[in-house]
Amino acid sequence: MKCEDLLKALSDYLDGDIDPQICQELEKHLAECDPCQVVIDNLKKTILLYRKGEPFPLPTEFQERLHSLIRERWKAHRKD
Amino acid sequence: MGTTSITDAQLVHKAKGGDQSAFEELMRRYARRVWTLSYRLLRNREDAEDVTQETFLSALEHLKDLRDEDRFGPWLAQIASRLSLRLLDHRRRSPTQSLEGLTSEVHDDENGGPIPHPEFIAEWRDDPETLLLRKETRDLVEEALNSLPEKYRAVFLLRDVEGLSVKETAQALNISETNVKVRLLRARLQLREKLTRLFGDEATRRMPHHHHDADPNLGGF
Ligand SMILES: [Zn+2]
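So the protein sequences, as listed, match chains A and B. Its first residue numbered -2, the first sequence is counted upward by one per residue in the working numbering. Its first residue numbered 152, the second sequence is counted upward by one per residue in the working numbering.
Among the hints, a few may not be true.
[Unchecked claim] Using 27 Å as the maximum straight-line C-alpha spacing, the simulated DSSO-like pairs for lysine-lysine come out as follows:
1) A:K25 / A:K(-1)
2) B:K215 / B:K167
3) A:K49 / B:K318
4) B:K345 / B:K332
5) A:K5 / B:K345
6) A:K5 / B:K332
7) A:K49 / B:K286
8) B:K302 / A:K5
9) B:K286 / A:K41
Just so you know, the hints here were simulated from the structure itself, not pulled from any lab data. If you're wondering where the values come from, they're calculated on a predicted model, not measured in any experiment.
Using the sequences provided together with the hints, build the complete structure.
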């Protein structure tokens, strides 16, 4: 496997959804290729950065509007 | 029993049975996430408010049809992304904003364009946890996401932030599972490139190995 081939299998590898044969070849390449190791580490951190980030706060005025709208709609919905 | 120990599936079940407070607890758990997803797709506060509102109204209406009760979060994300894309599509059709829409479709390279090789390869100076502590870095992270073409951004948000499966993402965006995978790889690589230029330690920089010997365009590294 070359760096370019590793690139193609990268997402499947990161998602743990990879063919065992390809996974073995990929890990063999990885053991010998320092730049690819760093790329994979960068990618894991990239994903974590977005996964661990807090969602934005809801604007207060919108939050109130949203909750009262849903309460109203709930009543109407339950009557049907 | 406090509401925190109740699972989403239990709340969904109760709400289906007519328990309004259960639905409100689900809203408390997910409103910020739906809002954030919509805002990141639309980049417009009013539109994101509309989509968030419509998402919960639609969830209320169709809750009885949700069979997989522990997939409430991904299900909401599917609704919110569908509504957001519909709005974006609508915007594209309006003459004042058509240019913005066109540019995001110009580089339609799913079908066989080469995956760009990583260029700036270096170890990051800080962990994600540390980077997220500072407002300035959080803003840079947000800017990087915002700079992705819309179709890559949508796939990345649904897969890597909202935790949807490839299949759920494909359904939400009405594209094939192969396209989900290709777009996700491109999104991840583009973000890696941008973020490593920002957070990478120049002293640890590695030069990429190139194995193309037939491609004259790739010299010069
Ligand atoms: Zn390599």
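How the hints compare with the structure:
1. Between K25 (chain A) and K(-1) (chain A), the direct Cα distance comes to roughly 10 Å. Compliance with the 27 Å bound is thereby established for this hinted pair.
2. Using a Cα cut-off of 27 Å, the hinted pair K215 (chain B) and K167 (chain B) holds, with the two alpha carbons roughly 6 Å apart.
3. As the CA atoms of K49 (chain A) and K318 (chain B) are separated by approximately 23 Å, the hinted pair is consistent with the 27 Å bound.
4. For a cut-off of 27 Å, the pair hint linking K345 (chain B) to K332 (chain B) stands: about 20 Å separates their Cα positions.
5. Between K5 (chain A) and K345 (chain B) the alpha-carbon distance is near 19 Å, which keeps this suggested pair within the 27 Å criterion.
6. A hinted pair counts as satisfied when its Cα atoms are at most 27 Å apart, and K5 (chain A) with K332 (chain B) qualifies at roughly 10 Å.
7. Our distance criterion of 27 Å between C-alpha atoms is met by K49 (chain A) and K286 (chain B), whose separation comes to about 14 Å.
8. Using a Cα cut-off of 27 Å, the hinted pair K302 (chain B) and K5 (chain A) holds, with the two alpha carbons roughly 19 Å apart.
9. Under the criterion of a C-alpha separation no larger than 27 Å, the hint pairing K286 (chain B) with K41 (chain A) is consistent with the structure, at around 21 Å.
Going through the hint list in order, the structure satisfies each hint without exception.
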